[in-house]
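Colleague: Chains as they are written, first to last, in this note's numbering: chain S, 1 to 163; chain B, 164 to 326; chain C, 327 to 489; chain U, 490 to 652; chain F, 653 to 815; chain V, 816 to 978; chain A, 979 to 1141; chain E, 1142 to 1304.
Not the full set, but computed from the structure, chain F residues with beta-carbon under 8 Å of chain V: (1) Val714; (2) Pro734; (3) Pro736; (4) Ile738; (5) Val757; (6) Pro764; (7) Ala766; (8) Leu779; (9) Val783; (10) Ala785; (11) Thr786; (12) Gly792; (13) Gln803; (14) Leu806.
FYI, nobody ran anything at the bench for these hints, they're computed from the structure. C-beta atoms are modelled at their ideal positions from N, C-alpha and C, and glycine is treated no differently.
Number of protein chains: 8
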Amino acid sequence: MTEQPLVGVVMGSDSDWPVMEAAAQALDEFAVPYEVDVVSAHRMPQDMVDYGRSAAERGLRVVVAGAGGAAHLPGMLAAVTPLPVIGVPVPLAHLDGLDSLLSIVQMPAGVPVATVSVGGARNAGLLAVRVLATSDGELGARLRADMVRFQEDLRRQAQAKGE
Amino acid sequence: MTEQPLVGVVMGSDSDWPVMEAAAQALDEFAVPYEVDVVSAHRMPQDMVDYGRSAAERGLRVVVAGAGGAAHLPGMLAAVTPLPVIGVPVPLAHLDGLDSLLSIVQMPAGVPVATVSVGGARNAGLLAVRVLATSDGELGARLRADMVRFQEDLRRQAQAKGE
Amino acid sequence: MTEQPLVGVVMGSDSDWPVMEAAAQALDEFAVPYEVDVVSAHRMPQDMVDYGRSAAERGLRVVVAGAGGAAHLPGMLAAVTPLPVIGVPVPLAHLDGLDSLLSIVQMPAGVPVATVSVGGARNAGLLAVRVLATSDGELGARLRADMVRFQEDLRRQAQAKGE
Amino acid sequence: MTEQPLVGVVMGSDSDWPVMEAAAQALDEFAVPYEVDVVSAHRMPQDMVDYGRSAAERGLRVVVAGAGGAAHLPGMLAAVTPLPVIGVPVPLAHLDGLDSLLSIVQMPAGVPVATVSVGGARNAGLLAVRVLATSDGELGARLRADMVRFQEDLRRQAQAKGE
Amino acid sequence: MTEQPLVGVVMGSDSDWPVMEAAAQALDEFAVPYEVDVVSAHRMPQDMVDYGRSAAERGLRVVVAGAGGAAHLPGMLAAVTPLPVIGVPVPLAHLDGLDSLLSIVQMPAGVPVATVSVGGARNAGLLAVRVLATSDGELGARLRADMVRFQEDLRRQAQAKGE
Amino acid sequence: MTEQPLVGVVMGSDSDWPVMEAAAQALDEFAVPYEVDVVSAHRMPQDMVDYGRSAAERGLRVVVAGAGGAAHLPGMLAAVTPLPVIGVPVPLAHLDGLDSLLSIVQMPAGVPVATVSVGGARNAGLLAVRVLATSDGELGARLRADMVRFQEDLRRQAQAKGE
Amino acid sequence: MTEQPLVGVVMGSDSDWPVMEAAAQALDEFAVPYEVDVVSAHRMPQDMVDYGRSAAERGLRVVVAGAGGAAHLPGMLAAVTPLPVIGVPVPLAHLDGLDSLLSIVQMPAGVPVATVSVGGARNAGLLAVRVLATSDGELGARLRADMVRFQEDLRRQAQAKGE
Amino acid sequence: MTEQPLVGVVMGSDSDWPVMEAAAQALDEFAVPYEVDVVSAHRMPQDMVDYGRSAAERGLRVVVAGAGGAAHLPGMLAAVTPLPVIGVPVPLAHLDGLDSLLSIVQMPAGVPVATVSVGGARNAGLLAVRVLATSDGELGARLRADMVRFQEDLRRQAQAKGE
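Please model the entire structure based on the sequences and the hints provided.
Modeller: See below:
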């Protein structure tokens, strides 16, 4: 992908990729350029801080971050970037992702994380598209139109299944 | 407020206002024009659908929706608008907002809601600002600068408390 | 089935059918005519509203609605029809249906949903029969007699298993 | 009340009355005749069985049962009557009604209880009205009309609050 | 078994047997005579009441009752017999037995159920033995001695595993 | 009380007494002699082991043990005595007694604790009475008769409340 | 305190002090020198990283960190220091500290946090003492002796309460 | 291993070994001598007390204890030794380790257990290393250096996965 990435898709471990892949796929469907990285809050904390700090100036507009267990990555990135950060609770072997969900969503006042459902990486990608679609200019206009079409498709497919 | 509202702050019941007020206050701090409405998914469902459907064309760019219990408002609005919808779980007398949280965050693939913490209306407002700050043009530039300043203030205040 | 359907069995996605099928089967056992539809609150919201609004005038007397995750379908239908709506929490891959249960049962005052157990579609069908059996006239009389026989059968079978 | 009661409102203990009163009030609003009793599954089990067994022949068409903790009353009544039983989880001093909710809603296949929200007695009353409104004849017709008016009122009040 | 049964082992459904079998086995190890029955609180309520009412006069001294979901059997039996009732929460397909546990343990003041762990039928059998061992006479003396030996065996086996 | 105590009522801390008092009161109502002690598993572990080990030979027949949080007292006593141990989960400032309940009830195979509801000390006392009532001889006969009367009283009081 | 601090007691917000104070008090009782700081993972992330990174070389041997909600502070500090980090889940207005507990304890392999109970700051201080008492030299010897005395006192006090 | 063990790794049952093995492996990686034992709080309570009481004088400096269900082993050991005790909640067939977690972490004031994540035995081993690394002398110095290298390795591996 040679275009400037607009969305950074990051995860705490490469084992999160089977879940997080769906975020990348949603961005592909809307032809939104993105980058993918493993950035562990716990194993490479300074790199994580640096990633977040430089995200805006590197041209990213949204960050999508997935993590499991004591999932600190989305919240820590939200603390070091002014960009909107979308958090995906990744379910691990125990507790069904409830720990990840609470660790991501229960952020203190001042530092929001836009949390989606347990394992909801596809929705994280779609939410990134909705955010980018709010902007002025050509990109926003194209994505707004695409999102309207996408919602019509959702409806058509749901209806088709009911017939 | 005579300016075009950019954020729609809605809630399922006027009893949610003591919680949701903090979203409006955060938008005020960033001088983001907004509108406030009571739009009950359950008591005025068609009005709710109409509100969501017209939100984009009325000039809104982000919707912040708070609800308690079987909190359907954020998800239903997300289903009828292409705009990003930020959901605030409002805690009621029982279950400490866990029901609201799960009802808002566990959306099916295709229809994301950007969920914040239980009672986290201030963060919903700040997240709306972050979303608007991603856009091109003057508004985006101003909000990006303001958000950086805001984060510096957060740090200064936190540090001051530690001294 | 050429008779006027009395029960509408609806679900948010065709993937809910393996669970919801048991509701249809219970209605078959009592020879109660019904219709089955996929009506997604989130992917086809206006169709869902229209379905609910027209349910009574199309001759339905009870609606059985199943949904998973942030399960909004039963509650939204209850908001747009005066008919009794029976909600079935469908368990998904995570959280064991607890999210669906809370999203369906915790409805605000004014808009009840008659909730059954996680995955309890058979009971939803039986509850619809009990509701129809309360009515005057031939149908009610037949179903009351059938329900008494059904309960005797339950007892006989349970006893037989114990021997 | 000299009319034949159509709804039996029962509870496990007189201490449940502050919660259950709202069911009676909803029935009053729709002029549905009802009876109120304390019928404890645990302290007077045979009376409870007798109450349930005679409910239909005494002319009741719906039973509304509230109980807290290991709330067995709604399910046991559902086991001894063919009538629809509506269960209200009453919250006690600990666990916020989650125990009552699960004890009422998780009924085995064959014996449904129409469960409403924790403390949701008003909705239990309204659900009883919806059930009675499905029936043929004068009562059904009047209640159907009343329920439509009630829903219009809900909408008007919600809208008024938003203005 | 021709001896007078001292323990009644009952369960709500024959599908509970794979769990409940371990209670019977524990009683066998202590040579305590027992009877096994399927007695469903929900499908054969009057039989269940009759079983409980006659338990003491039929010579039973302890009842062990297992049930899943909205597990009413142990509590209802405790309501109709003065004997100690030991409840075993049987885990079903969803919610991991938490619903059964709360439905059994959260009994109201006046009607205790001696609850053991989720799926803990072996401990239910052992608890029945401990209860019988409190009694005067030959049986009590034998069981007290056996229980002491059993605990020594437990220790020996645990130690052996550690070597 | 000069009679030989038959029940040992123990608790982890004297702050548990306001909850545990109800167990003693129930024993008083049935004129069952008992002793009361503070025996902390965590603060006086060897004393606790000694208490449990000597319980049977000191003439106790049942132990009632209450504890909060990581409530180890009932389970540890059950490990060092062959007597039936009844556990009372005492609710503390957080988590509503759910931690105490799970810590008491989820005992491993081999070492049962007869667990009652959160804060259910009265039922613990009544369960001790039921256990003692299973025994042969005069005490058992008296307690069986008393328990039958007690259950009749429960019924009369519940009925009176309903009138 | 002019001595070299050995324990760093930090918290995410000065509003955590009423809870965290008990850690400092425990350290005072053992005459262990410590420092106290507000170090917010979310509001001053780089300062937090710097605090953790320099902790060991500044002479600290243990860090005690308290935080509420999406409590990232203990885990992030554990990621940037080789010292043992003790985490205290601080309960906030909703969810009773369960979110804080899971956010602190569910750390990924490689980065442990020694977690204590919800609100358990006193135990965090005592655990720090136990850690320091493992070391060679004069400090370790003194603390080992003090800890033995402390445990004897605990026992004496508990016993005294039981008399 | 002929060296003096510094860490005692114990578990309630040999069936916990597949989980607890990871603690031993972490200690091996840091060349910390340890001993492994099965010490059941419930099946061999006096042995458990003796193990804990003699731990310090036998030269152990840290105890790592794993247990499932009503997991009393870590807390009971902490009650009888002045050493730091690290508790590992072992997940069993039901409740996903939540019962073990609460039973281990919710210790009363005075008796701390350093709790790690559900199934987090590797982190328990690493935490033991961090504790030993706080001590003076050669061992501490070596482990501090090793832990710094270990954290650098973690970072390198995480980074490598991201490339």
